[in-house]
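Novice: So you can see what is in the structure, the chains are spelled out below.
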Amino acid sequence: MCGIVGLFIKNPALEKELGQHLSKMLVEMTERGPDSTGIAIYNDSASTGEIRITALSTAPEYSWEQFTQEVTETFGESSNVEMKSNHAVITLEGDPKKVQSWLHDNHPELYMTSSGTNITIFKEMGLPKDVIDRFGIEEMSGSHALGHTRMATESAVTTSASHPFSTGQDLCLVHNGSMSNHNRMRKKLQMYGVEFQTENDTEVAAGYLTWRLQEGDTLDEALTRGFEELDGFYTFAVGTHDGFAVVRDPIGAKPAILAETDDWVAMASEFRAIATLPGAESARVWEPEPERVYSWYRN
Amino acid sequence: MSEIDLDKSEVRDLNAALHATDGTNGEKTFKVLNPNGKHNIAVGIDGELDVTIEGHAGHYVGGMNKHAEITVTGNAGAGLAENIMSGLVRVKGNSSQYTGATGRGGLVVVEGDAAARCGISMKGVDIVVGGNVGHMCAFLGQSGNVVVCGDAGDAFGDSIFELNLFVQGEVKSLGTDCEEKEMDAEKLSILTDLLKRSGIEADPGNFRVYGPGRNLYNFKVDNAVL
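Residue numbers (my numbering), protein chains in the order written: chain A, 33 to 331; chain B, 4 to 229.
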């Protein structure tokens, strides 16, 4: 069992409240996943041409000062490292692939949680409330966000096995369920050049979407193809640079509720998370059908 | 009438209050406010109570009900009226998966749609759905009746034993050993009575009825993988 939530803002006036609303939704999902918590926030604050990479270290005494100095020396004065607890949000102008290779070669001890132009992912072991406070999630603004509360079944309770998983630029995925064919799929995707950082099943699903999007599929097409190729129990909520999607596997054992108003679209494992949102009492509420893609895109 | 606001009281306190009266000696009518998707609302009632839940309820609302009449004015989560023994549980909106699972008696009415596995392993309960049902409706059911006024999803009536499944709309596919039956006078009478009791308006003449082929009672060696 895990809890997943997603919030896609339609009314720009609410963007400044995104973190606050997502936090309330996540806290409602505490019982579904007390092991670890993760949040992906999409925010367009980066200027044109700027990329944003988030990396974490679980070592308590990690020397972030030295790391920041190295980033400045390597990528110039315009680069910036902002610390959020044990996560470093690196912003700079350049090719994300180059920064990723530099991190990989020079700082293999770091785990990269996200890379792109508007995504930031924070994740950590612990209850939703504690993790939200640690990263200051309530103060964050943005256009859409995903959250996950994990009750570990498939792999160990570690920070790196926490959701959301991101394997491509601005793409991330949260999952309630368990995959059955992830080992074989991981090998196949590695042959196509998709890189993985963990042994977790959900990372393979994220990697699958990354591969399909690279091959030219739209998000809807990739998720539809996934019904044939991804075997297991799943409800996924997926975020991209400008999109938000929800799917359930054909058996549809894992719960999901969707709700929409003129101001927002929300997804959660259970309605009680959606009930915390302004206007929830008059929202259109429905259960997504199994094997059907639901998606929304920013204009 | 007693009003219990779940913004102010715990579900546990609500259920304790509902268990403390049998409806003949004490409070009989209850209104529950601000359910907001909370779980286990009005479970395990054993008295002739009248309970109205104003809004959307979470999982297992009305579970194990005996004698009481429970109404949810919004939607209900998974496991609505699970293992109901008697009485009536009504949802004005939609219900999530395994509505009325393992129910042994009583009536469950969903005025909207019921999701997957509605009536799974039912053992005597009657279920009336005003809209559509999802896949695997009545899976492994042993006895009771299901009325679907809309359409039924895949594997309808899979591996059922002694059930009547009435459908007004389309059936996407039938499950193992489920087959269409003749709508005889007895079945028509059951359907007419259930529609009347549910308060859902539909013409019994528009329904078809499905039931077990009774091929699953005995082991067939031909089906074994040797």
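These are calculated hints, taken from the structure and not from any lab test.
No experiment lies behind these values; they were computed from the predicted model shown.
A few of these clues could be false.
Some chain A residues near chain B, calculated using beta-carbon distances under 10 Å [stated by the list, open to error]:
# : residue
1 : M157
2 : E227
3 : T230
4 : A300
5 : A307
6 : P310
7 : G311
8 : W318
Cβ coordinates follow ideal geometry from the N, Cα and C atoms, glycine included.
Novice: Hint by hint, say whether it matches the structure.
Specialist: Do the hints match the structure? See the list:
With a least beta-carbon distance of about 26 Å to chain B, the hint placing M157(A) at the interface is violated under the 10 Å criterion. For the restraint placing E227(A) at the interface with chain B, the shortest Cβ-Cβ distance is roughly 36 Å, beyond the 10 Å limit, so the hint is violated. Violation of the interface hint for T230(A) is found here, the shortest Cβ-Cβ separation to chain B being roughly 30 Å, above the 10 Å cut-off. Annotation: A300(A) was flagged as interfacial toward chain B, and the flag holds, the nearest CB pair being 9 Å apart, inside 10 Å.
Checking A307(A) against chain B by beta carbon gives a least distance of about 4 Å; that is within 10 Å, so the hint holds. Taking 10 Å as the C-beta cut-off, the interface hint given for P310(A) is violated, the closest approach to chain B being about 13 Å. Look at G311(A): its Cβ only gets to about 14 Å from chain B, farther than 10 Å, so that hint breaks. Interface restraint check: W318(A) against chain B, minimum CB-CB distance 7 Å, threshold 10 Å, status holds.
In this structure, the earlier hints numbered 1, 2, 3, 6, 7 are contradicted, and the remaining ones agree with it.
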